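Number of protein chains: 2
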Amino acid sequence: MQFEITKEYIDAIKVAIESGDETFIKDSFADIFPADTANVLYELSTDESIAVIQALDDDLAAEVISYVDPDTRKDFLKNFDSQKLATYLKYIDSDDAADIVNDLSIKEREEVISYLEKVNKQTANNVTELIRYESDVAGGIMAKELVKTNVNWTVKRCIDQIRIQAEKIERLYSVYVVDDEDRLLGIVSTKKLLLTPDTIPLKDIYEPDIVSVNSYEEVSQVAELIQKYDLEALPVINVQGRLVGRITVDDVFDVIKEKAEKDIQAMTGISESIEEDDSVWTLTRARLPWLIIGMMGGLLGAKFMGIFESSLVAVPAMAFFIPLITATGGNVGVQSSSLIVQSLAANYLLEDSLGKRLLKVLMVAALNGLIISLLVFGFNYILGQGAALGIVVSIALFSVILLASVLGTITPIILDRFGVNPALASGPFITTANDLLGLGVYFSVAHLLLG
Amino acid sequence: MQFEITKEYIDAIKVAIESGDETFIKDSFADIFPADTANVLYELSTDESIAVIQALDDDLAAEVISYVDPDTRKDFLKNFDSQKLATYLKYIDSDDAADIVNDLSIKEREEVISYLEKVNKQTANNVTELIRYESDVAGGIMAKELVKTNVNWTVKRCIDQIRIQAEKIERLYSVYVVDDEDRLLGIVSTKKLLLTPDTIPLKDIYEPDIVSVNSYEEVSQVAELIQKYDLEALPVINVQGRLVGRITVDDVFDVIKEKAEKDIQAMTGISESIEEDDSVWTLTRARLPWLIIGMMGGLLGAKFMGIFESSLVAVPAMAFFIPLITATGGNVGVQSSSLIVQSLAANYLLEDSLGKRLLKVLMVAALNGLIISLLVFGFNYILGQGAALGIVVSIALFSVILLASVLGTITPIILDRFGVNPALASGPFITTANDLLGLGVYFSVAHLLLG
Chain A
0 MQFEITKEYI DAIKVAIESG DETFIKDSFA DIFPADTANV LYELSTDESI AVIQALDDDL
60 AAEVISYVDP DTRKDFLKNF DSQKLATYLK YIDSDDAADI VNDLSIKERE EVISYLEKVN
120 KQTANNVTEL IRYESDVAGG IMAKELVKTN VNWTVKRCID QIRIQAEKIE RLYSVYVVDD
180 EDRLLGIVST KKLLLTPDTI PLKDIYEPDI VSVNSYEEVS QVAELIQKYD LEALPVINVQ
240 GRLVGRITVD DVFDVIKEKA EKDIQAMTGI SESIEEDDSV WTLTRARLPW LIIGMMGGLL
300 GAKFMGIFES SLVAVPAMAF FIPLITATGG NVGVQSSSLI VQSLAANYLL EDSLGKRLLK
360 VLMVAALNGL IISLLVFGFN YILGQGAALG IVVSIALFSV ILLASVLGTI TPIILDRFGV
420 NPALASGPFI TTANDLLGLG VYFSVAHLLL G
Chain B
0 MQFEITKEYI DAIKVAIESG DETFIKDSFA DIFPADTANV LYELSTDESI AVIQALDDDL
60 AAEVISYVDP DTRKDFLKNF DSQKLATYLK YIDSDDAADI VNDLSIKERE EVISYLEKVN
120 KQTANNVTEL IRYESDVAGG IMAKELVKTN VNWTVKRCID QIRIQAEKIE RLYSVYVVDD
180 EDRLLGIVST KKLLLTPDTI PLKDIYEPDI VSVNSYEEVS QVAELIQKYD LEALPVINVQ
240 GRLVGRITVD DVFDVIKEKA EKDIQAMTGI SESIEEDDSV WTLTRARLPW LIIGMMGGLL
300 GAKFMGIFES SLVAVPAMAF FIPLITATGG NVGVQSSSLI VQSLAANYLL EDSLGKRLLK
360 VLMVAALNGL IISLLVFGFN YILGQGAALG IVVSIALFSV ILLASVLGTI TPIILDRFGV
420 NPALASGPFI TTANDLLGLG VYFSVAHLLL G
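Top to bottom, those sequences are chains A and B.
Be aware that the first sequence starts at 0, since it is given in numbering that gives the first Met the number 0, and climbs by one per residue.
Be aware that the second sequence starts at 0, since it is given in numbering that gives the first Met the number 0, and climbs by one per residue.
You may find that some hints are simply not true.
Repeated chains share a single entry, so a pair holds when one copy, or any two copies, can fit it.
To be verified - Here are the simulated PhoX-like pairs of lysine-lysine, each with C-alpha atoms no more than 25 Å apart in a straight line: (1) K202 x K191; (2) K261 x K227; (3) K261 x K106; (4) K147 x K191; (5) K202 x K120; (6) K227 x K167; (7) K258 x K73; (8) K13 x K355; (9) K256 x K227; (10) K120 x K77; (11) K256 x K167; (12) K258 x K227; (13) K167 x K302; (14) K117 x K167; (15) K6 x K89; (16) K73 x K117; (17) K302 x K120; (18) K191 x K227; (19) K120 x K106.
Hint data in this document are derived by calculation from the structure and do not stem from the laboratory.
Remember, it's a predicted structure, so these values are computed and weren't measured experimentally.
Using the sequences and the hints given, assemble the complete structure.
Right under this line is the structure:
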């Protein structure tokens with residue numbers, strides 16, 4: 000049932016494209032799912048992909064396009080004129096259609112919509128409405144495809160309405176019930192419709208206790224609601240309470256995936272949404288900012304140690320433990336911050352007081368610090384390091400573990416409060432700060448104890 | 000429509016629990032969704048939670064329990080005897096019921112199932128079947144609740160069957176069509192059933208091109224299929240092709256969330272699945288292994304630098320740049336590995352050859368390295384650092400950026416090939432390795448150029 004992309008398959012397609020064998024191309028993609036066809040396109044050059052799309056019937060081509068990754072799609076669709084785009088949009092769900100139109104230049108956008116008005120007035124209206132919303136609110140990811148029924152109708156009339164409205168709706172889980180002013184009252188599941196006699200009015204069977212969102216609510220909020228209540232679709236209402244759209248669970252996958260990718264990029268010090276196959280320059284540019292911040296931290300550390308040059312000249316072995324101190328501070332800081340980021344993400348919890356949190360963090364840090372410091376002291380003793388330096392290193396380590404824990408705990412909470420992604424705190428930022436912190440502690444302790 | 004947990008609400012519930020006011024408790028939870036009630040329990044003590052669950056009707060209590068986070072639930076359910084557990088399980092979807100039974104001791108498990116056999120034979124059979132599967136395969140997350148229809152039936156008989164089978168099924172998107180041997184042939188959506196006359200046989204209307212999985216397939220594969228094909232449910236078949244269960248999209252959210260959490264924990268050096276509110280000892284234990292690895296790396300670095308003590312005595316300022324070198328290596332390594340991990344996760348791509356990948360990685364690294372090294376050289380010049388040491392630091396930085404990029408690229412690929420989570424490579428492991436690499440390069444370059 001599942002389709003594997005093989006090298007042979009790709010090669011056969013490429014040969015067919017080269018020889019212009021449209022029938023072969025059409026046949027090759029007739030029996031596989033549009034999502035698979037979209038994946039095949041990733042393995043072809045742009046020109047080859049265009050040839051495939053043109054060989055397919057418009058409705059299938061449109062569906063394949065809707066499965067292509069938005070970043071890739073944006074560039075790919077530049078190869079089609081406005082009239083052709085309008086033809087495809089007719090077959091695509093309104094949310095995807097609006098995304099595609101949003102990515103066009105203003106001139107193309109107007110051309111496409113005016114063509115669309117000629118071929119399908121309804122789609123043109125839907126798209127025009129949807130492109131007004133920002134992409135990070137419920138309105139920006141909702142689709143117009145849904146079945147709306149009046150509370151005064153019977154089951155029979157409702158089913159007739161489904162026959163009319165539902166042709167374009169692939170997935171029908173339930174119909175939405177509204178009053179005469181289009182205000183959302185509740186839902187009736189398709190299962191209930193199947194099991195209820197035709198003459199019963201909807202008002203006797205609809206479910207009024209449902210979850211809905213306002214069109215201006217954030218997509219992260221939408222994703223959370225859908226997961227929390229295990230919903231397959233979420234109706235969207237405007238400020239007047241009128242039903243304006245529907246968000247399905249597949250839209251939410253994209254939101255969750257994007258959020259996870261952003262977090263990881265924040266944590267690993269990459270400043271744009273990049274992929275391995277972007278250009279060398281894009282990849283370089285995305286990495287450079289954090290490398291420069293790390294560099295500034297390193298140079299600042301060098302300048303700082305310059306102050307303690309006399310200590311280093313007196314005890315050169317002090318230098319040996321610099322990496323141990325900085326690395327431990329970095330590890331502890333990243334561990335602490337990632338734990339807080341995880342708690343912040345699960346924001347259904349009433350917040351524990353900051354004081355209570357910090358107390359616990361300090362207890363964990365003290366325990367970890369004690370174990371690590373004692374181990375290092377033991378190793379240093381065995382390796383014949385001087386006792387004085389051994390004590391300095393262990394005291395510094397213990398202090399660094401405590402301080403890095405606190406810093407790693409507080410930073411994400413502060414970032415979050417200022418509306419910055421707290422995952423940033425698990426990245427190069429905290430590592431750089433901890434390096435400096437570690438050096439400060441180490442050299443201060445050394446200065447105090449070794450003189 | 001949405002429910003906010005307020006401090007006042009929690010306080011009112013606590014007062015009602017203390018005074019044993021069951022009616023108030025019942026009323027308080029009557030109008031909110033079970034998922035919200037589950038969240039309220041997180042804010043109460045164990046004893047208070049037990050009081051709430053006991054005050055609710057069994058069916059509602061069971062639903063609330065099914066929404067509680069599995070880790071918390073496992074401990075919580077220890078407070079109920081086997082007979083009570085069996086009562087709750089009767090109302091819970093078979094996949095959740097099996098998860099709960101799986102978490103019990105063998106003795107309790109047998110008791111619960113034998114009670115369950117008395118109250119509901121079908122549920123007992125379902126649970127007994129489901130607990131045989133490992134939790135990381137399709138069979139381990141599927142539920143038995145689905146509507147199975149024979150291909151030779153008419154629409155009318157199918158709807159009658161829904162009436163019988165579907166009472167326990169909250170979400171009915173489609174019915175599954177099987178042959179006389181129970182082999183899965185296809186599906187009919189509820190929408191199609193609504194729009195098709197009663198007398199038409201299912202064989203004329205079912206959709207044979209569907210995606211299904213075998214019960215032994217990995218959950219990560221299941222999650223991928225559901226996302227790729229935008230499915231709301233996925234039928235599960237056994238090796239004979241017989242329909243044995245159904246996985247719905249909400250089960251997949253948990254899989255995705257768990258995977259993301261595991262990756263982040265691997266990346267940040269935490270060795271167990273922990274949460275901020277675990278005990279101090281659990282939190283310490285989960286962090287210690289990576290801290291110890293980091294410590295070993297640090298001590299190894301110290302030992303290594305011992306070899307070059309004479310260089311350090313000759314040029315004490317060399318020590319100043321140790322943090323710059325190790326931090327840059329760490330940052331570059333983490334950036335490189337996270338990018339590869341991202342590519343590995345999107346595994347629909349045919350693999351680029353390792354050689355081609357490395358070439359690109361080296362180009363990006365060379366560009367980054369050139370910029371950073373020149374900047375550092377410039378700063379050192381301005382800050383009046385000796386030219387010789389400045390050259391050593393910049394050459395070492397450039398080399399470290401190249402080497403850390405290669406190491407960061409190769410490590411996750413190797414881990415992945417050996418079936419280890421590649422995200423581990425973005426964590427303390429690569430940082431530690433890069434620290435040592437950086438020191439090695441720095442002191443070697445210094446030894447060569449400064450003598």
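Here is how each hint holds up against the structure:
1. For the homomeric pair K202 and K191, the shortest alpha-carbon distances inside one copy (13 Å) and between copies (23 Å) are both at most 25 Å.
2. Both within a single protomer and between protomers do K261 and K227 lie at most 25 Å apart by alpha-carbon distance, with minima of 22 Å and 20 Å respectively.
3. Taking CA atoms no more than 25 Å apart as the test, K261 paired with K106 passes in neither setting, with 31 Å inside one copy and 46 Å between copies.
4. Proximity of K147 and K191 under a CA criterion of 25 Å is satisfied in both settings, with 16 Å inside one chain copy and 18 Å between copies.
5. Taking the shortest Cα distances, K202 and K120 never come within 25 Å of each other, neither inside one copy (32 Å) nor across copies (37 Å).
6. For a Cα distance limit of 25 Å, the shortest separation of K227 from K167 across copies, 21 Å, qualifies, whereas the shortest one inside one copy, 29 Å, does not.
7. For a Cα distance limit of 25 Å, the shortest separation of K258 from K73 inside one copy, 20 Å, qualifies, whereas the shortest one across copies, 29 Å, does not.
8. For the identical chains of this complex, K13 and K355 are inter-copy neighbours only, at 22 Å across copies versus 64 Å inside a copy, given an alpha-carbon limit of 25 Å.
9. In the homo-oligomer, the alpha carbons of K256 and K227 lie at most 25 Å apart both inside one protomer (17 Å) and across protomers (13 Å), since each shortest distance falls under that limit.
10. Within a single copy, K120 and K77 get their C-alpha atoms as close as 24 Å, which meets the 25 Å cut-off; across copies the closest is 61 Å, which misses it.
11. Neither within a single protomer nor between protomers do K256 and K167 lie at most 25 Å apart by alpha-carbon distance, with minima of 27 Å and 32 Å respectively.
12. With identical chains, the CA atoms of K258 and K227 are at most 25 Å apart both within one copy (17 Å) and between copies (18 Å).
13. Within a single copy, K167 and K302 get their C-alpha atoms no closer than 67 Å, and across copies no closer than 70 Å, so neither meets the 25 Å cut-off.
14. In this assembly of identical chains, K117 and K167 lie within 25 Å of each other by CA distance solely inside one copy; the values are 18 Å within and 48 Å between copies.
15. Proximity of K6 and K89 under a CA criterion of 25 Å is satisfied in neither setting, with 33 Å inside one chain copy and 50 Å between copies.
16. Proximity of K73 to K117 under the C-alpha cut-off of 25 Å is restricted to the intra-copy arrangement: shortest distance 24 Å within a copy versus 60 Å between copies.
17. Taking the closest pair of Cα atoms, K302 and K120 never come within 25 Å of each other, the shortest separation being 68 Å inside a single copy and 76 Å across copies.
18. Only within a single protomer do K191 and K227 lie at most 25 Å apart by alpha-carbon distance; the minimum there is 23 Å, versus 29 Å between protomers.
19. For the homomeric pair K120 and K106, the shortest alpha-carbon distance inside one copy (19 Å) is at most 25 Å, but the shortest distance between copies (66 Å) is not.
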